[in-house]
Amino acid sequence: MNRAEFDRFADEYRAMHAANISASGESPEFFAEYKVKDVADAAARTGTWRCVTRVLDFGAGIGNSVPFWRRYFPDARTTCVDVSGKSLSIGHERMSADASFVQFDGQTLPFADGSFDIAFAACVFHHIEHDRHVHLLRELRRVLSPDGTMWVFEHNPNNPLTVKAVNDCPFDANACLVQARQMRRRMLEAGFAEPRVRYRIFFPGPLRVLRKLEPTLVRLPLGAQYSVSSRP
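Its first residue numbered -7, the sequence shown is counted upward by one per residue in the numbering used here.
Simulated from the structure, these hints should not be mistaken for lab results. Heads up, the beta-carbon is just placed ideally off N, CA and C, and yes, glycines get one too. One should not assume that every hint holds.
[Unchecked claim] Quick list of the computed label-pair ranges, beta carbon to beta carbon:
#, residue 1, residue 2, range
1, L214, S88, 34 to 42 angstroms
2, P138, S19, 33 to 41 angstroms
3, C161, G77, 19 to 27 angstroms
4, S92, C161, 25 to 33 angstroms
5, V126, T38, 25 to 33 angstroms
With the sequences and hints as input, model every part of the structure.
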C-alpha cells in the first residue's frame, strides 16, 4: 500500500482504469455501482437498509463510489479513507458535499469503536501486503457497530481476463491477487462471523442480457470479481 505510488496515479486514475477495462464493455462507474447496489440489495433483504446512516469506504481513492452511496443509501453519510492524500484531495474537490475524506497512516483507522454501520473495501486488499490483511481487517471490525456489515470486493485470480487486466494495469504493477478462500480465512482470523463468498460479473458488456442468470452462479468460482461479507 504505497502512498507515493497512488499519489502519482491520482490525476489519471479514472482514464487509466477506463482504458484498462475497455475489453469488458463497461465503464468504471458500472463496476463501482454494482458493488454498492449489491450491498443495498442485501440490506433490503435483511431489513436493515433504513438503519444504515454511517458508511466507511476503505481505500476509497478519488471517491468513485460516493455517488452510488448517495443513490442507494440517501440517508447515510459516507466517510472515504485512504493512504493517498492526493487521491483524497481530488475526491474532496469533486464531492465534499456528499462525503468526508480522511487520510490514515495505513495502520490504525482514526475512528472510535463502533463508528460505522457498513465497512466497504472495493478492490483494495490486493494492493496491501498479504501479511497485513488480518491486522487491517481487525481494524475494520473494530470500527463497525455490533450490527454492522463488512463487505470486501476483490478481483478473482481464477478468471483469466481479470488476471490479464490486472497484469496490464500500471497502478496494479505491485498488486498481488487474493483467492476468495484466502480472504474468507483472513476475515475469520480477524474475528468476523461466518463470512459469505459470492462470485460476480460472469458476462462482459456485449453479453449483458445474460446477467439475469448471475444470481444462480454466485457459487461458481469463475466470475471476474467476488465479494466476502460478514457481521462483526
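Consistency of the hints with the structure:
1. The hinted window of 34 to 42 angstroms between L214 and S88 holds, with their beta carbons roughly 40 angstroms apart.
2. Separated by about 37 angstroms at the C-beta atoms, P138 and S19 satisfy the suggested range of 33 to 41 angstroms.
3. Judged by the Cβ atoms, the range 19 to 27 angstroms given for C161 and G77 holds: they are separated by roughly 22 angstroms.
4. Taking the beta carbon of each, S92 and C161 are about 28 angstroms apart, inside 25 to 33 angstroms as hinted.
5. Distance hint check: the CB atoms of V126 and T38 are about 26 angstroms apart, consistent with the given range 25 to 33 angstroms.
In summary, this structure violates none of the numbered hints.
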